[in-house]
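4 protein chains.
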Amino acid sequence: MIKVGIVGGTGYTGVELLRLLAQHPDVELAAITSRKEAGMAVSDMFPNLRGRVSLRFEDPASAPLNTCDVVFFATPNGVAMQQTKVLVEAGVKVIDLAADFRIKDISVWEKWYGMQHACPELVEEAVYALPEINRAEIKGARIIANPGCYPTAVQLGFLPLIEAGVIELSGLIADCKSGVSGAGRKAEVHALFSEASDNFKAYGVAGHRHLPEIVQGLSRHAGNPVGLTFVPHLTPLIRGIHATLYARLSREVDVQALFEKRYADEYFVDVLASGQHPETRSVRSANFCRLAVHRPQGGDTVVVLSVIDNLVKGAAGQAVQNMNILFGFPESTGLQQIPILP
Amino acid sequence: MIKVGIVGGTGYTGVELLRLLAQHPDVELAAITSRKEAGMAVSDMFPNLRGRVSLRFEDPASAPLNTCDVVFFATPNGVAMQQTKVLVEAGVKVIDLAADFRIKDISVWEKWYGMQHACPELVEEAVYALPEINRAEIKGARIIANPGCYPTAVQLGFLPLIEAGVIELSGLIADCKSGVSGAGRKAEVHALFSEASDNFKAYGVAGHRHLPEIVQGLSRHAGNPVGLTFVPHLTPLIRGIHATLYARLSREVDVQALFEKRYADEYFVDVLASGQHPETRSVRSANFCRLAVHRPQGGDTVVVLSVIDNLVKGAAGQAVQNMNILFGFPESTGLQQIPILP
Amino acid sequence: MIKVGIVGGTGYTGVELLRLLAQHPDVELAAITSRKEAGMAVSDMFPNLRGRVSLRFEDPASAPLNTCDVVFFATPNGVAMQQTKVLVEAGVKVIDLAADFRIKDISVWEKWYGMQHACPELVEEAVYALPEINRAEIKGARIIANPGCYPTAVQLGFLPLIEAGVIELSGLIADCKSGVSGAGRKAEVHALFSEASDNFKAYGVAGHRHLPEIVQGLSRHAGNPVGLTFVPHLTPLIRGIHATLYARLSREVDVQALFEKRYADEYFVDVLASGQHPETRSVRSANFCRLAVHRPQGGDTVVVLSVIDNLVKGAAGQAVQNMNILFGFPESTGLQQIPILP
Amino acid sequence: MIKVGIVGGTGYTGVELLRLLAQHPDVELAAITSRKEAGMAVSDMFPNLRGRVSLRFEDPASAPLNTCDVVFFATPNGVAMQQTKVLVEAGVKVIDLAADFRIKDISVWEKWYGMQHACPELVEEAVYALPEINRAEIKGARIIANPGCYPTAVQLGFLPLIEAGVIELSGLIADCKSGVSGAGRKAEVHALFSEASDNFKAYGVAGHRHLPEIVQGLSRHAGNPVGLTFVPHLTPLIRGIHATLYARLSREVDVQALFEKRYADEYFVDVLASGQHPETRSVRSANFCRLAVHRPQGGDTVVVLSVIDNLVKGAAGQAVQNMNILFGFPESTGLQQIPILP
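Heads up: the protein sequence lines correspond to chains G, Y, L and X, in order.
Taking the numbering used here, the leading residue of the first sequence gets 152, the next gets one more, and so forth.
Taking the numbering used here, the leading residue of the second sequence gets 152, the next gets one more, and so forth.
Taking the numbering used here, the leading residue of the third sequence gets 152, the next gets one more, and so forth.
Taking the numbering used here, the leading residue of the fourth sequence gets 152, the next gets one more, and so forth.
FYI, nobody ran anything at the bench for these hints, they're computed from the structure.
Any given hint could be a false lead.
[Said to hold, decoys possible] Heads up, simulated SDA-like pairs for lysine to any residue below, C-alpha to C-alpha not over 20 Å straight-line: (1) Y:Lys-262 to L:Gln-448; (2) X:Lys-412 to X:Gly-316; (3) Y:Lys-337 to X:Gly-316; (4) Y:Lys-412 to G:Gly-202; (5) G:Lys-187 to L:Gln-448.
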């Protein structure tokens, strides 16, 4: 049984962490902080937790985070980097669900996130933790940079092709669609029901913060720089990301076999049979990524379809998966709930 | 470990039963039948079950139902009554999620369901199984009539008032709203996305089959006939029922205390604090009923708000709860998943 | 051709007014104000107006409202009452879509709206303008109090019964469901897509501001005080109100004939045939109210189903209807678009 | 005033045609046919038309189609080709909203549509009618092949680039997302609310019938064969198509200026300012196509965003636009309603 703290649990990744951790057999929820809501019962904000989570939000200043085994940051960008040093020096593992430790090149990070980084030296140490790629590195880490939602769906989709060296690395396209919960639980007009319902649009085509993260990841797997066009869209569902990925094959290969082999031992990655199409609801509320790979009309353009629940495999679930690795629990512990359908 | 069969698992109550039973620690899924889909892997129809349920649909004629400990009927009305006799005589418990055994007065049943009943003698024996009301009776039953979705939400809402004898029994009103999954997984125009989305309507005001079921239940609790107006509505959500109940108080009473006391020991019924409003998503995918009771402007009209997930507490979850009672498992076994929010 | 101004056009009633007025053959849009967005092209905020409305938001201080023939206030409560006096003294008609002039009893208004009224004498003069009830009064008014959305749906539904004196005036129930646009275009967490989608809940059961407005209206039509329980609910649609109304008949009457006769000459009120159920989408984007009246099981409880588009007949459309009456245009001018279905 | 007939008006393109034609000043609705619903009032099926369309469905055999000026086929594929010959010989113009006359290469058509074509000679004569491309040809046509929804959005998006010869013609990608009404008003499980709501998926990646239609169109504009990967997706909105198009620039060009110039005189095509993103609701219920063109990171990949309402510019509206051209009415007659937002 490990003691777990959460910093900033009033958003959707926060409530999702609480849902997963409250059902995890090896976890004791020790503290959750919110400056603004200090004193409020967590279940008053999130009624699904009534009777299951008895914590109250605590002021960050007084919360017993230092005595936790691990602390999750479910905070806006720029918060974790302020508090991580103290925690890791106290022997607390840190898992950041925001972007503070994701980009190794500090100048790139500072450009895209519009602030100065508070602890570049910890960025170097931190492990960008996509377990299906670098499980071994994660095991010994003190600081986990939990990947973003789009980057998870996109990297898992391109990975087998890139590792096998069978596609052209320039001209990659990731046409991604996200449910509205990806925008968080912030009061913003564009995320209102009356704005986002019965509506579909692209956004951030000029440049989205997940672009450098994806490019960094793909380039690392490829061992060479990749050229990627990334177009995110907002679609009227609560949860779910659907990435439609396009690449040009550089040599003939059985893509179906390639994918099946690459993920044969991965519990959370499911390769569908040839010709199928994954749907976002098939992973709703669960930590799975389902993939299908197509070659329309048998040509050399390969199309990968990749779906995740942005709040689970794209955030809180992957964070718990990383926690399981850090503490030596079986990787699927507490993450075995069957997706909700319909 | 008990052996469980499901007859007719291609609908939404079927997949929900599968989701819950596959996660139940004391259950072995032995067989699932579908005449039409015999041979198909269940997970090909319901991709959320991939990797978790390896059953294939079997032809009802050859499926080993007789060797099960319990068989669930997730079939249209009129099917269970054809097959129950053979099963119970073979020592198999039967839990019918349809309406075949719900109405004690055969002539009433035949009028509302438009067919002749195949086994009136078994109707007499069957137990109408709302655990919060008649747990003791359920324990020894051979045939369980699992309540309908509206009847569950409405009865749990009116029950404390009726048992306490504090409301006028005539003039009860149940204004109910259901998500579209209540209409089942049948290809019908009115349930199409383009018909049911961004739309709200009442239906069946002249008379809905759940009316006699609710009246039977409330009258039994009251020990006297009740007069009920029941108006169901279709609302654009997948899962969820919200019942708004109106009654006139016949004597002064602390309704909040009444509700809290009545359900103090019920794990699956949650009475909200005074002044609150339950929302359907607070029970999404879980077996809870959340209730709030109001007296607007302090008058003698009492308003009860009652929410359930129609596929869980309103169908498959309550059926598993009844199974737990039948076999002496703790009542919440396999039913403790936290609701999904958002 | 009349000159029209709009104060506060950045909300949903504002854009809906613009949509309707831009298509009205007798209207010239002269000005629209917004302190916050002064200078912005209206069509930059509302892209549906691109190419059709060339106005920019102007600062209220400098906008030429005094030279308009009529000014609509699509503002929060408490704004119109500050500016109406100057306008009417300049000969400008005022149509307030908010609540400033709806409640005749100032102390009631001040209690429910939590502020002191700025011009009680104008409240007395203002006409509460539900055209189907008091068209004649509207014709000569200087100040129009445009009814609220719930009050429109509820009053039109109860009206024939109350005018005919055939129901008990105590114990009325209005169980109402509203789309999320009724909450306006304000950035608030409860109206986010991820909160309001796939969710259903009641709110304001203890008391909603539309209660005194409805009670005032019904009592006036009845000539006697009425007793009403009003329960609003939020349902996941963008537009639409469905009011389900319950009353007890005090004497035998053909309710279908009563409704048909009462609304025989009303262009915007449509009584469905006996046994039918109106759906909100049947009035989507149009100024109609569709009604059906039922007597379930032939009893003495009468159930009225009433649907409107909250932004049209419940706000902007009714305001334009009132403008048409004020200026002697045929009442349906500019309001004849066919509802959008699906 | 022209006399208009509709064959097969029980689907969504049918009701949309009715909505538009009933508001068209130069049209008299003469007949609408449905074998199955003969005798039923159109407004009983589509309540939005109550009071506005008094037609009843007629049996095709007896309907006075021969005396119409124009007949629209809003039928499944394969119907129009059976009846067009008789009509055009009687001097009736035919506008087919299905695919019977869209593909010039009969063998291609027969392969994709799985039936033998009934009148190849009429296919040759028919005009594939995208007014922004070949208005002149349309004027004199007897048979109009109204383009498909995806093909309209995709062709209008690629057109300026292809006409200007500034992109590589191989490796085009059209990642398209459609609302569910595109699947029609057929009772099919995959289009149920409970299946399609809160869900997102690709479909038909191996090959969709709109692929050959788009390729035919683009190749004709290019004067050379194009290579296209077309991936359609289903997204939970009722109306709307969003096409996200990718191409590689073959020479430097100001794409924004190119688009603005190409569509400067097109009433129904709206090019947004640089950096903007069109949203589907900005064209909801209207005949517009809104476009934006981007070059992410200033690279040589050009991204075009193209939105239409699939039932209007993608079907019924474009058909009316074509009718206007055929009969010499101003092209926007009856098509000027402002989109509904929110």
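Comparing the hints with the structure gives:
no., hint, verdict
1, Y:Lys-262 to L:Gln-448, "holds (14 Å)"
2, X:Lys-412 to X:Gly-316, "holds (15 Å)"
3, Y:Lys-337 to X:Gly-316, "violated (50 Å)"
4, Y:Lys-412 to G:Gly-202, "holds (16 Å)"
5, G:Lys-187 to L:Gln-448, "violated (54 Å)"
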